[in-house]
Amino acid sequence: MSRTPLDTVEHAAATPDVELPWAELGLKKDEYERIVEILGRRPTGAELAMYSVMWSEHCSYKSSKVHLRQFGEKAPENDVLLVGMGENAGVVDVGQGYAVTFKVESHNHPSYVEPYQGAATGVGGIVRDIIAMGARPVAVVDPLRFGAADHPDTKRVLPGVVAGIGGYGNCLGLPNIGGEVVFDACYQGNPLVNAGCIGVMRHEDIHLAKASGAGNKVILYGARTGGDGIGGASILASETFDAESDSASGTGKPRKRPAVQVGDPFQEKLLIECTLEAFAEKLVVGIQDLGAAGLSCATSELASNGSGGMRVILDDVPLRDSTLSPEEILMSESQERMCAIVEPDKVDRFLEICEKWDVIATVIGEVTDGDRLEIYWHGEKIVDVDPRTVAHEGPVYERPYARPEWQDALQADDAGKLPRPRTSEELREQVLKLVASPNQASKKWITQQYDHFVQGNTVLAMPEDAGMIRIDEETGLGVAIATDGNGRYTKLDPYTGAQLALAEAYRNVAATGAKPLAVSDCLNFGSPEDPAVMWQFAEAVRGLADGCRQLGTPVTGGNVSLYNQTGEVAIHPTPVVAVLGVIDDVSRRTPVAFQEEGQLLYLLGDTREEFGGSAWSQVIHDHLGGLPPKVDLERERLLAEILIAASRDGMIDSAHDLSDGGLIQAVVESALLGGKGARLIVPDGLDAFTFLFSESAGRAIVAVPRSEEVRFTDMCRARDLPATRIGVVDGDAVEVQGEFVLSLEELREAHENTIPSLLA
Amino acid sequence: MARVVVDVMLKPEILDPQGQAVQRALPRLGFEGISDVRQGKRFELEVDGPVDDAALARIHDLAESFLANTVIEDFTVRVESDDAVAEAVK
Amino acid sequence: MARVVVDVMLKPEILDPQGQAVQRALPRLGFEGISDVRQGKRFELEVDGPVDDAALARIHDLAESFLANTVIEDFTVRVESDDAVAEAVK
Amino acid sequence: MTARIGVVTFPGSLDDRDSRRAIRLAGAEPVALWHKDKDLKQVDAVVLPGGFSYGDYLRAGAISRFSPVMETIIEQARAGMPVLGICNGFQILTEAHLLPGAMLGNDHLHFICRDQKLRVENAETAWTGDYTAGQEIHIPLKNMDGRYVADEYTLDMLEAEGRVVFRYLDFNPNGSLRDIAGITNEAGNVVGLMPHPEHAVEPLIGTGRTDGLPFFTSILKKLVTA
Ligand SMILES: Nc1ncnc2c1ncn2[C@@H]1O[C@H](COP(=O)(O)OP(=O)(O)O)[C@@H](O)[C@H]1O
Ligand SMILES: [Mg+2]
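Residue numbers (our numbering), protein chains in the order written: chain U, 1 to 760; chain P, 1001 to 1090; chain S, 2001 to 2090; chain A, 3001 to 3226.
Simulated from the structure, these hints should not be mistaken for laboratory data. Incorrect hints may have been included.
A few chain A residues that face chain U, going by a derived Cβ cut-off under 7 angstroms, partial list only [unchecked claim]:
(1) P3011
(2) G3012
(3) L3014
(4) D3018
(5) R3021
(6) F3052
(7) G3055
(8) H3110
(9) I3112
(10) R3114
(11) K3142
(12) H3199
Mimicking DSS-like on lysine-lysine, the simulated pairs with C-alpha atoms at most 25 angstroms apart in a straight line are [claimed, not checked]:
(13) U:K346 x A:K3036
(14) P:K1041 x U:K155
(15) U:K381 x U:K282
(16) U:K356 x A:K3038
(17) S:K2041 x P:K1011
(18) P:K1041 x S:K2011
A short list of chain U residues far from chain A (calculated; beta carbon distances all over 12 angstroms) [what the hints assert, rightly or not]:
(19) D30
(20) A163
(21) T323
(22) R403
(23) P421
(24) E429
(25) P438
(26) E473
(27) E609
(28) F689
(29) S696
Glycine included, each C-beta is placed from N, C-alpha and C at the ideal position.
Okay, chain U solo, but in the shape it has when bound (with noise of 0.2 angstroms):
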């Protein structure tokens, strides 16, 4: 397809009077004057289009930035980060001279549109970003949320994004080791589909997105680039969906149908191993993974980066459609691409992996010495401009927030006020009710839809409290991660709501007897244009950050993904929080699962009337009011303490925080998991209802063995950390002594049964 006439740089300068379609592109009329300002003349059509990418929210964070930067500024002492935010994902040290690199992204609005497609190709995202950092992946995460469990789309969006980041993550062979299933009604029109990889390499082969060195050559490795998913997520990820797309049968698809893109993950899986070859080769100077933004990222980014400029030749991209223009090749978001920086000399050996793992590959241009990014077609410039202006310097909002008015009323709507049950029968049926919720029930249908096993290493997986994956064999040393969200605190108050996000995350990871290290996050929430929507924002941000500070734990990276609302209405605030943490030795970690008969049973913390946000709430009342548990993260950090130092020396045997559902829920999970019930007694100063269903925070319940009883609670009172006995592991019922008797059997139909019957 000839396009006459091209609009080259000098064509550009030559016509100041050409209008560019800025606004179709997402373009604000001032955002489009200052690009003319930047380049002193109007942009070509390619450096619109790449401008248009990389300043969307999606790529240049434009309403987010000016409160993430918290994360910086209030980072903690630490000697744990070896690379901070900024970089595709952060890397931690843990010892023995690995280091760990770990990310969460959300790939929500594709997976409305084509679950199956938008979920697999959004794992196929993240594995490059942790690829690009040197790491081999190790394991996936992916936390999800979708619409009301019992919604007719719901059957239509979930049994698809379960199948897609099954079908993508199982084929590279990276174990899924966690993640959560959250229903609300209010993510039926935007599922929340996160997902998150962690990668292990030594620490001298962390790599960088740097183009530097002139002469050094640019090339394109991977799938050939088509017109698949131009402007997808970057476009996709900036717009609010119609009202009218979410119709009320629930069967219709959404209105807005933008080109998705489909995912190859046997593509992926060879570069995935054609890329470390060439590491452990020690050809590699630079490398980006193409994601959001395609080329124009990849090209913008490492040249900005770097320390010289970029000149690449866009006629040598391979492409899988030849009539694309330059514009779109700039825009392509086609899945399964990585460019690497290569010294001449080692191009050769670069490209002979490459073939023998059937990549193609392809030089497509060089690092320069000047400080320009220039690109060509037909042997004519049509980009040239500074880097940074592209990937760095985009706009930057200050966007207007406020605390919304129905706020007040929404704390003042106490859920202590709600009718609670007034007999033992009472009590014990709305504990079946609760651990047979969506919410709580048992996830078993979807989470054996993934490979647990690949790799050899995993050492614990869902539903344990954290996943735990040994990355060194002779020693043991294992990492282990959690993640952890709660949308209906997080409306209730948004700074408290990601405290208790991070805090859960935190204590899941503690419970398997990790140290809990570093931080990662993806916060996901509603139109950035709506003040009530940015102050949950700057709010949870703000949380997040004191947070992270106070517990030593620094944000390595994360994603933010905004717009998630459908017409007015808005998602939960929802930030999703990851906890990566480290062991020693692996063969020391702690199970959910009660292991023996006779072992004792300890509450960890105080129990307070806490049920604003609660699960009892939701299943019992469908109420969402009044506050959420408090949080105290110098108790949690002693918890911690505590879980990591009784797991070491082994003095308890099996754990499990307590969160949504409160202690019944935890109890009953660690039996079933065990096959063993439990007797509880309720302990003084607490009534049965308040014992069960608090979800107050910094609590866990341990099993501890009969002869290892003097020991543990001598440390935890020298530490001054609550533990209360509260029974004994013993039997195959549940019972609350003078309240009820529930049989596993019983309980096992009801937490096990609800999934499968709504969704297969």
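Given chain U's structure and the hints, the job is docking chains P, S and A with the ligands onto it.
Only chains P, S and A with the ligands this time, still in chain U's reference frame:
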């Protein structure tokens, strides 16, 4: 009873990893001269009663809303007569 | 250049859970009167040069040895002419 | 002396490393083999590991079966060399007609990953000597296309000749006919199964059981005493 066939193929601009895998294997099997392979799905529906325009219209709706995801796929619906010479309907 | 279509379907005696899943979903979607659904694969091969008997015979071999597993699947090969009225070859 | 056991890496193989680890833990010497090489590096036996070779895009195992390394393996297997196909390896063996029948998508249409109970039906093959017939074991299972099918005649023959090596117990995870989880050829040197013994060789890892280790000790014993 009649058979209606719905063919569902990825849109031409969408990557077809399955077709590509087949195509890349061909030379190894000693096959030359095939420049492109695309792999899609074929549904055979056995319809009770006559396949009139109304029935076809309904099957068309079915294909559009359920058998294919028109974000990434195209489809055709046709009646397959006994001599297997198909008649294009869409 | 011509297009040859290879349709591959599970043999009738082999359980086809995909087809069944579609069929089971039909009533929910408000569809009646479809007594059976089978799901198979459709390959579209773009052949360089003329599709004469020799070429078809080779594609037939390809289908038999590669595109289909004849332990479980049947296949048909046909040339698709431009007006999309297919001609049965096997 | 020890035995050299090759593990083939196809593009898209996933459990090749794990299979080599299992071989090493059993005391044999793992040898990496590459799909493009016809050369088997003088190994005494071969494992075709699990994974999604070529993405399993056409049919599981259909493309790998035509790789150069398979030419040699097919020839050698017919001559008696022990070959174990795990999951994708099993699928490749059926596509290569070294084992009868075929593998299809799970009847429930989902990938399934679980700790699977099996009964050892045949402890005489090259790979099962360290089990006893009738023994019940747990081995992780994880696959999309695990449904074993063959015609009635073949199934009857397999049973009559004692060539069903493993059966699923308590729960058939994929709709395999007659609960078949693994089979062998007439000579007993070629064995294929869907579950993954290489993922059950270390305490603490995976399901924490070591019920899969005897596969690798069996073959080692057989080769060393041969
Ligand atoms: N989508 C998912 N993918 C993988 N694992 C999941 C998923 N959803 C839930 N899980 C796992 O199931 C278990 C229970 O989940 P959840 O109740 O959310 O845990 P917690 O409340 O401790 O955070 C955890 O091990 C979690 O990692
Ligand atoms: Mg937990």
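Going down the list of hints, with the structure as the test:
For P3011 of chain A, the interface hint holds, since its Cβ comes within 7 angstroms of a Cβ in chain U; the closest pair sits about 6 angstroms apart. Restraint check, G3012 of chain A versus chain U: the minimum CB separation of about 5 angstroms is within 7 angstroms; hint holds. Because the smallest distance between the Cβ of L3014 of chain A and any Cβ of chain U comes to about 3 angstroms, under 7 angstroms, the interface hint for this residue holds. A least Cβ separation of about 4 angstroms between D3018 of chain A and chain U falls short of the 7 angstroms threshold, and the interface hint therefore holds.
Annotation: interface hint on R3021 of chain A holds; nearest CB of chain U at approximately 6 angstroms, less than 7 angstroms. At about 4 angstroms, the closest approach between the beta carbon of F3052 of chain A and any beta carbon in chain U falls short of 7 angstroms, and the interface hint on this residue holds. For G3055 of chain A, the interface hint holds, since its Cβ comes within 7 angstroms of a Cβ in chain U; the closest pair sits about 3 angstroms apart. Hint on H3110 of chain A holds. Least Cβ distance to chain U is approximately 5 angstroms, under the 7 angstroms limit.
This hint holds: I3112 of chain A has a C-beta 6 angstroms from the nearest C-beta of chain U, less than the 7 angstroms allowed. Because the smallest distance between the Cβ of R3114 of chain A and any Cβ of chain U comes to about 6 angstroms, under 7 angstroms, the interface hint for this residue holds. Hint status for K3142 of chain A: holds, given a least beta-carbon distance of 5 angstroms to chain U, under 7 angstroms. The beta carbon of H3199 of chain A comes within 4 angstroms of a beta carbon in chain U, closer than 7 angstroms, and the hint placing it at the interface holds.
Of the pairs offered as hints, the one joining K346 of chain U and K3036 of chain A holds, with about 24 angstroms between alpha carbons and a cut-off of 25 angstroms not exceeded. Of the pairs offered as hints, the one joining K1041 of chain P and K155 of chain U holds, with about 22 angstroms between alpha carbons and a cut-off of 25 angstroms not exceeded. Straight-line distance between C-alpha atoms of K381 of chain U and K282 of chain U comes to about 33 angstroms, which puts the hinted pair past the 25 angstroms bound. Proposed proximity of K356 of chain U and K3038 of chain A is supported: the alpha carbons are some 15 angstroms apart, at most 25 angstroms.
Note on K2041 of chain S and K1011 of chain P: the hinted pairing holds, with a Cα-Cα distance of about 16 angstroms set against a maximum of 25 angstroms. Pair hint K1041 of chain P plus K2011 of chain S holds up; C-alpha atoms about 16 angstroms apart against a cutoff of 25 angstroms. Residue placement check: D30 of chain U keeps its beta carbon more than 12 angstroms from all beta carbons of chain A (closest about 47 angstroms). Not every CB of chain A lies more than 12 angstroms from the CB of A163 of chain U, the least distance being 7 angstroms, so the non-interface label is violated.
Against chain A, the non-interface label of T323 of chain U holds: every CB pair exceeds 12 angstroms, the least being about 26 angstroms. At the 12 angstroms boundary, the C-beta of R403 of chain U stays outside the reach of chain A, the nearest C-beta of that chain being 45 angstroms off. Residue placement check: P421 of chain U keeps its beta carbon more than 12 angstroms from all beta carbons of chain A (closest about 37 angstroms). At the 12 angstroms boundary, the C-beta of E429 of chain U stays outside the reach of chain A, the nearest C-beta of that chain being 31 angstroms off.
Remark: the non-interface label on P438 of chain U is consistent with the geometry, its nearest Cβ contact in chain A lying 19 angstroms away (cut-off 12 angstroms). For E473 of chain U, the requirement that its beta carbon stay farther than 12 angstroms from each beta carbon of chain A is not met, with the minimum near 8 angstroms. With a least CB separation of 40 angstroms from chain A, E609 of chain U remains clear of the 12 angstroms interface cut-off, as annotated. Here F689 of chain U stays apart from chain A, with its beta-carbon at least about 37 angstroms from theirs, past the 12 angstroms limit.
S696 of chain U, annotated as away from the interface, keeps every beta carbon of chain A farther than 12 angstroms; the closest lies near 33 angstroms.
Of the hints listed earlier, those the structure fails to meet are numbers 15, 20 and 26, in rising order.
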